[in-house]
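*Asks:* Construct the complete structure from the given sequences, taking the supplied hints into account.
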Amino acid sequence: MGSDSPSDAAELGAVLKYLTAIITSSGHALLPNFGDQLLQSIVDAAGQIFGAAAASIALVDYDQNMLEFVVAFGHGNRDVIGQRIPLDAGIAGYVVMTGQPIAIADVLQDPRFNQDFAKSTGYVPNSILATPLEWQERVIGVMEVLDKIEAPRFDLRDMELLGLFARQASIAIAQSQQYDLIAEALLQSLSTWVEQGAPAELRSTLEEVLEANAGSGRLRDLSQVMSVLHELTSSGEPERKMALDVLEAIRNYLTQRASRLNI
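The sequence shown begins at 81 in the numbering used here and counts up by one.
Everything labelled a hint here was simulated from the structure, so no lab data went into it.
Some hints could be false.
To be verified - Taking lysine to any residue pairs in the SDA-like style, the calculated list, with each CA pair at most 25 Å apart, reads:
1. Lys199 to Ile184
2. Lys228 to Pro181
3. Lys228 to Asp190
4. Lys228 to Val150
5. Lys199 to Asp159
6. Lys199 to Ile161
7. Lys228 to Ile161
8. Lys199 to Ala133
9. Lys228 to Phe197
*Replies:* Written as structure tokens, this is what we have:
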């Protein structure tokens, strides 16, 4: 087993500590699709507590200037999921552009209401309560509740309550995005590592991970990859240097992407 310089060992340990901190802070969000499941639970709970006919969460795609509905509850829930609208369209778009919550008692009388889109989902509401999902002073989505069944309109108390749900949803979204960053960076780095000559004893494991996630952009078992990298910390100098290169690439990638996404 080769010798390592103290500086290399310390640097490798620092990067591993950095990644582990990210993974720990993300918690259950590191499980694939957990973010979507948590958002669905949040929108379901909101719909039930408000006694609403429907509810939904749409996320902002700033690259395409679009809003995409990702989870929904109640009437029209199956038809709305996956639908995309321009970022400035409808009540949801208004909330994104202004960053302000809004309650509308009669949407058919409001010129901002996108009636054609509502019809495409199979449910046209009478009243809407919508609030922005924000993370680090940036709007990342919109949460809407439609038609409070036991009341003709939403009030200020309802708006405050929806804000509580929105904060939980924003945290779930940010954690999910963090997982995506880690997964994408790891997949790219591991692919390069295999191409450049990973240690023989690890090549088959790494190739299995890459093959299992080919085309998905997500890691099904991040802990498996981290275990491999931790194992290398007790290996010889070439392996430790290779692990350090991979981790440095991941750290740089995460820092750059997180800065662009404000997460």
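*Asks:* If a hint holds in the structure, say so; if it does not, say that too.
*Replies:* How the hints compare with the structure:
1. Lys199 to Ile184: 18 Å, holds
2. Lys228 to Pro181: Holds, at roughly 16 Å.
3. Lys228 to Asp190: Given that 25 Å is the threshold and the Cα spacing comes to 18 Å, the pair holds.
4. Lys228 to Val150: 21 Å, holds
5. Lys199 to Asp159: Cα-Cα ~10 Å, so holds.
6. Lys199 to Ile161: 14 Å, holds
7. Lys228 to Ile161: 21 Å, holds
8. Lys199 to Ala133: 15 Å, holds
9. Lys228 to Phe197: 20 Å, holds
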